[in-house]
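Build out the structure end to end from the sequences listed, making use of the hints.
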Amino acid sequence: MKLYETKLLTIICEILAQENILDILKKHQISGYTKYEVDGDGDRGLRGQGLKTEKNIKFEIIMNENKLQDVIEEISRTLFANYAIVLHVTDIGVLRPEKF
Amino acid sequence: MDILELIQSNLLTPIILFFLFGIIAARIKSDLKIPEAISEFLPIYLLAAIGLHGGIEMRNTGFENMLIPMFVAIGLSLLFTLNHYQILRRLGKFNIFDSYALASTYGAVGAVHFSVGLSFLKNQGVSSEGYLAAILAVLEPLAFIMAIFMTNMAVSKQNKTKQQSLGDTSSEMDLGLNQSKVKISKVLRESITGKAIVILLGSIVIGYIIGEEGFQSIKIVFDDLFTGAIVIFMIEMGIIAGQRLDDIKKVGIFLTTFAVLIPTFNGIIGVLISTAIGLSLGGAVMFGLLLASASFIAAPAVLRHAIPQAKPSLYITSALGITFPYNIIVTLPILFTISSFLHNGDGTINLLSIFINN
Numbered sequence: 001m002k003l004y005e006t007k008l009l010t011i012i013c014e015i016l017a018q019e020n021i022l023d024i025l026k027k028h029q030i031s032g033y034t035k036y037e038v039d040g041d042g043d044r045g046l047r048g049q050g051l052k053t054e055k056n057i058k059f060e061i062i063m064n065e066n067k068l069q070d071v072i073e074e075i076s077r078t079l080f081a082n083y084a085i086v087l088h089v090t091d092i093g094v095l096r097p098e099k100f
Numbered sequence: 001m002d003i004l005e006l007i008q009s010n011l012l013t014p015i016i017l018f019f020l021f022g023i024i025a026a027r028i029k030s031d032l033k034i035p036e037a038i039s040e041f042l043p044i045y046l047l048a049a050i051g052l053h054g055g056i057e058m059r060n061t062g063f064e065n066m067l068i069p070m071f072v073a074i075g076l077s078l079l080f081t082l083n084h085y086q087i088l089r090r091l092g093k094f095n096i097f098d099s100y101a102l103a104s105t106y107g108a109v110g111a112v113h114f115s116v117g118l119s120f121l122k123n124q125g126v127s128s129e130g131y132l133a134a135i136l137a138v139l140e141p142l143a144f145i146m147a148i149f150m151t152n153m154a155v156s157k158q159n160k161t162k163q164q165s166l167g168d169t170s171s172e173m174d175l176g177l178n179q180s181k182v183k184i185s186k187v188l189r190e191s192i193t194g195k196a197i198v199i200l201l202g203s204i205v206i207g208y209i210i211g212e213e214g215f216q217s218i219k220i221v222f223d224d225l226f227t228g229a230i231v232i233f234m235i236e237m238g239i240i241a242g243q244r245l246d247d248i249k250k251v252g253i254f255l256t257t258f259a260v261l262i263p264t265f266n267g268i269i270g271v272l273i274s275t276a277i278g279l280s281l282g283g284a285v286m287f288g289l290l291l292a293s294a295s296f297i298a299a300p301a302v303l304r305h306a307i308p309q310a311k312p313s314l315y316i317t318s319a320l321g322i323t324f325p326y327n328i329i330v331t332l333p334i335l336f337t338i339s340s341f342l343h344n345g346d347g348t349i350n351l352l353s354i355f356i357n358n
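In the order they appear, the protein sequences are chains A and B.
With the first letter of the first sequence counted as 1, position 86 gets the number 86 in the numbering used here; the numbers rise by one all the way through.
With the first letter of the second sequence counted as 1, position 332 gets the number 332 in the numbering used here; the numbers rise by one all the way through.
Misleading hints may appear alongside valid ones.
What the hints assert, rightly or not - Stretch by stretch, here's where chain A covers chain B in the computed footprint (C-beta under 8 Å, at least three residues):
#, stretch
1, 236 to 246
2, 299 to 310
Stated by the list, open to error - Mimicking DSS-like on lysine-lysine, the simulated pairs with C-alpha atoms at most 25 Å apart in a straight line are:
#, chain 1, residue 1, chain 2, residue 2
3, B, Lys162, B, Lys195
4, B, Lys186, A, Lys55
5, A, Lys52, B, Lys157
6, A, Lys26, B, Lys122
7, B, Lys249, B, Lys93
8, A, Lys27, B, Lys186
9, B, Lys93, A, Lys52
10, B, Lys186, B, Lys29
11, B, Lys33, B, Lys183
12, A, Lys2, A, Lys67
13, A, Lys58, A, Lys99
14, A, Lys58, A, Lys26
15, A, Lys2, A, Lys27
16, A, Lys55, B, Lys311
17, B, Lys160, B, Lys183
18, B, Lys162, A, Lys52
19, B, Lys195, B, Lys33
20, A, Lys27, B, Lys219
21, A, Lys52, B, Lys219
22, B, Lys195, A, Lys55
23, B, Lys311, B, Lys93
24, A, Lys58, B, Lys250
25, B, Lys160, A, Lys52
26, A, Lys26, B, Lys183
27, A, Lys58, B, Lys33
28, A, Lys67, A, Lys26
29, A, Lys55, B, Lys157
30, B, Lys162, A, Lys55
31, A, Lys99, A, Lys2
32, B, Lys219, B, Lys122
33, B, Lys195, A, Lys35
34, A, Lys55, B, Lys250
35, A, Lys52, B, Lys250
36, B, Lys29, A, Lys55
37, A, Lys52, B, Lys195
38, A, Lys26, A, Lys99
39, B, Lys29, B, Lys183
These aren't lab readings, by the way, just hints derived from the structure by calculation.
Backbone N, C-alpha and C fix where the C-beta goes; we use that ideal spot for every residue, glycine too.
This is the structure in structure tokens:
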């Protein structure tokens, strides 16, 4: 089967940035995403412990390259300064590119 | 001497001992942990119990006499928040965002404080006015809304001066201005429909409807188990506070002093004023405790969105790591002693006679 190239955006952030990220996704008409709670070490020490509001969350969002640039530009502009957040992009192959 | 004795006996209650135990468990890096579902369930349970208790008391006593204490509490809470801001900004030299975040953390009320206070009074065999639960619900979002409002104003002002100094207003600047402002209405709606207020208000209404009689069938869960449930919650709080002990060093001497002195001051003022407007011995203690308490469960959730520039490590650590243990161990007995002093016999005359005797 033929695989079509597209992008996977992965965001690991504090749980309280979740709403901001969902807002940005919505603004760019992206309705599909996967998220899960995670924990681990950041460059400044252990995160995802303690109070419920201090947990970490990981988003995985598949999107085409056009949208990707706008989305990561907005996330880095509005959230990088004040939230604990890391994002990275992976090239992936999907079967039905029209979905993303 | 009286206060010291009371602090000493308060230290040896299960609530405090389990809290200290939680801290120790965290310090020795034990893997002891309260399961997540239970630690999420307990605040809901505690708020339901507080609400039911309040609702039943309100049915017994009526709620016409609740308005004055409610408005006084609202006024004091706002006044204290502004006062905290001035102290933090001017004396502590914190930036605007940290100052407002901390000011509102200490202006807001803590439901966990309130639960511990109720259990403390139960232990002393003293009751309190039921409408205090309603005041808890009203005060919960108040200080945050005020702080967010003030922060928005400050941000607008900053942006305006920036724009003026740059000459013309570019569209990019406008964008930045609008983004850094948080809609008060959104925060208000989220607080009011938030689970804490919903369960608290719902339980007050249900408590009011069912009254003492209807409560009998659920008393075993919501009354007899109350202190036990707080104890379990205290283990969790102790563990979280214990994990943060290292962070206290980062908080600094100024904020540490602030985190101890401000609750004491606010609490004592609360007891004095509430006694003056006619609250009972226990009621005045709870009123004082409401004003002394700092929020550490609601605060991060609200402030992280509303004032993201503020450092959560400051306001969570000082509220949970310093103020909360201090309040339940020291402030509570102090407030109780002052309130007993004011209520046993005529407080004002006693005060006068002490002055005269000295």
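Inset, instruction - Would you check the hint for lysine 93 of chain B and lysine 52 of chain A, treating anything up to 25 Å between C-alpha atoms as holding? - result: violated (30 Å)
Inset, instruction - Could you grab the alpha-carbon distance between lysine 58 of chain A and lysine 250 of chain B and see if it respects the 25 Å cut-off? - result: violated (28 Å)
Inset, instruction - Given the hint that lysine 52 of chain A pairs with lysine 219 of chain B, test it: the Cα-Cα distance must not exceed 25 Å. - result: Violated, because 29 Å separates the two Cα atoms, which is more than 25 Å.
Inset, instruction - Given the hint that lysine 162 of chain B pairs with lysine 195 of chain B, test it: the Cα-Cα distance must not exceed 25 Å. - result: violated (40 Å)
Inset, instruction - With a cut-off of 25 Å on the C-alpha distance, tell me whether lysine 55 of chain A and lysine 311 of chain B pass. - result: holds (16 Å)
Inset, instruction - With a cut-off of 25 Å on the C-alpha distance, tell me whether lysine 160 of chain B and lysine 52 of chain A pass. - result: violated (37 Å)
Inset, instruction - Mind checking the alpha carbons of lysine 55 of chain A and lysine 157 of chain B for me, to see if they're no more than 25 Å apart? - result: violated (34 Å)
Inset, instruction - Verify the proposed pairing of lysine 186 of chain B with lysine 55 of chain A, using a straight-line Cα cut of 25 Å. - result: Judged against 25 Å, a Cα distance of about 23 Å means the pair holds.
Legend entry - 25 Å Cα cutoff - pair lysine 162 of chain B, lysine 52 of chain A: Answer violated: lysine 162 of chain B to lysine 52 of chain A is near 38 Å, above 25 Å.
Legend entry - Hinted pair lysine 195 of chain B and lysine 33 of chain B, Cα distance within 25 Å: Distance ~24 Å between lysine 195 of chain B and lysine 33 of chain B Cα, so the pair holds.
Legend entry - Straight-line alpha-carbon gap lysine 160 of chain B to lysine 183 of chain B, limit 25 Å: Since the Cα atoms of lysine 160 of chain B and lysine 183 of chain B sit roughly 18 Å apart, the hinted pair holds (cutoff 25 Å).
Legend entry - Straight-line alpha-carbon gap lysine 26 of chain A to lysine 99 of chain A, limit 25 Å: holds (16 Å)
Of the numbered hints given earlier, the model fails hints 3, 5, 6, 9, 10, 11, 15, 18, 20, 21, 24, 25, 29, 30, 39; all others are met.
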